[in-house]
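Sequences are here, hints too, so could you generate the full structure?
Protein chains in written order, with the working numbering: chain A, 506 to 761; chain B, 26 to 288.
Treat the hints with care, as some may be off.
[Said to hold, decoys possible] Listed next, the in silico BS3-like pairs over lysine-lysine satisfying Cα-Cα at most 27 Å (straight line):
(1) A:Lys712 x A:Lys755
(2) B:Lys240 x A:Lys528
(3) B:Lys217 x B:Lys66
(4) B:Lys240 x B:Lys286
(5) B:Lys119 x B:Lys240
(6) B:Lys217 x A:Lys528
Calculated from the structure, these hints are not laboratory results. Here the structure is a predicted model, which means the values were calculated and not measured.
Spelled out from the first residue to the last, the chains are:
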Amino acid sequence: MDYLKTSLVKVGVMLIELNRPEKRNALNNATLQELVDVLHSIDLDLAVKTVVITGNTQCFAAGADLNELAQLDVVSIQQDQRPLLWKKIDEFSKPIIIAVNGFALGAGFELALHGDIILTGENAQFALPEIGLGMLPGAGGTQRLARLVGQQLAMRWAMTGELISAEMAQQYGISSQICPTALTVEYAIELAGKIAKQAPLAIRVIKQSLKSIHEVTLSQGLKLERQHFVWLAATQDRQEGINAFLEKRKPEFRGV
Amino acid sequence: MDYQTIIAVEKDAVGYLTFNRPKQLNSFNEVMHKEVSQVLKAWSKDQNIRTVVISAEGRGFCAGQDLNDRVVDPNADAPDLGLSIEKYYNPLIKLITEMPKPVICAVNGVAAGAGANIALACDIVLAAKSATFIQAFCRLGLVPDSGGTWFLPRLVGRAQAMGLALLGDKIPAEQAVQLGMIWRTVDDEQLKVEAEKMASHLAKQPTYGLSLIKKAIHASAHNNLDDQLILERDLQRLAGRSSDYKEGVQAFMHKRTPEYKGC
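As structure tokens, then:
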């Protein structure tokens, strides 16, 4: 592993740190590929329930690797593996908590938007600066951001590249919590730990249900939710959850 | 380093920044803005500087903006006063309020306009008995800037803030203390000594802890109680991990004077 550090920081919680500080964690293809490989192995590993992705205290990820991008012409961009890599990150089945300290710019911001829950430090700053390079966000930036904050702000931010502070990010629903910078990762791990203790199958269908809101109509979404609801009735964890509640004890979920 | 408009001295973990345009009552021009900002930025990051003192040469503290920089030609387009605020005054106020160490202000004489509000942005304001504060903006058709409209109501309440800002009267230092605008007054000839005494005390205190206190008090202006309680928990968690806290507890147990390193 060249560009990532992974560690099992708590029962069921894998911490993935982007670790290319000299390039401000710029997301080159190799980093993305590594991330996809790690996530793939985590998807198969029953012991890992949730993932926390972070950078360092100054920088989450300052964008794509421009040297790499500059070499691509229209044909090679067509054949580029990146869209496939992003798709795989999007398809990861377990919860991803993103802990952003410092800059999350361009592809860094877009990676954060691939997460299910974002926590930021007070020093977090988001932006889509692609416009300054004569480009547009190419990894879902225009789509995911607009679905989170609406067309007005997404247009403005994508067309200007303006910085978005931690306060604004929370105010407009990009992140769910602002932490003192020194505590962001710790709090993200704590949150991930809480989720890791829940029934894994229920967590899985909650993620699917919520992610589907951008794909399907409300009535289709309600049907899907109902199917998940019925499907969960066949799981032992659901029985365990209800029994534990009635018996006033803590449930022990096993993912079955 | 030599500056044209200020004096910057580092001594015993204290950074002394002295405005030095006494003939112009230390009013700000562009050079002074740049020099002040350069020094404060450096001290903000410098772990060896654990307290900052802002004071001034001559009979005045600071008369705010140097109006010679802003001669208004009656036939020209209106000037954009927002520019210098955006570029200089606002960042200066943020440098002071976000400085992760105590900032003492020693007000030796008149503090007018932005000069008064720069003083109010500091953490502890000492004033010579002969010093005065004036929210001069209203007399020129302007609005108190450099945080004036934010600090004043929080320091003295809305009624007094309105009186100060709409009338623009000269307030003697003693009255400023009574209103809660500043910490306290000292005899004129004692100002420098008292400021140094306070600074050298603060520079030996747990600086990191002090910076968290400062942060919490500033955050209280826009937090509700629930948010502030959460912030206190977070900051206490950080403070509890500092080596100064360990040292403080150790010293207390062994009945000795703690030796704080500021981290």
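Hint check:
1. A:Lys712 x A:Lys755: holds, 23 Å
2. B:Lys240 x A:Lys528: violated, 31 Å
3. B:Lys217 x B:Lys66: holds, 24 Å
4. B:Lys240 x B:Lys286: Cα-Cα ~19 Å, so holds.
5. B:Lys119 x B:Lys240: holds, 12 Å
6. B:Lys217 x A:Lys528: At roughly 48 Å apart (the allowed maximum being 27 Å), A:Lys528 and B:Lys217 break the hint.
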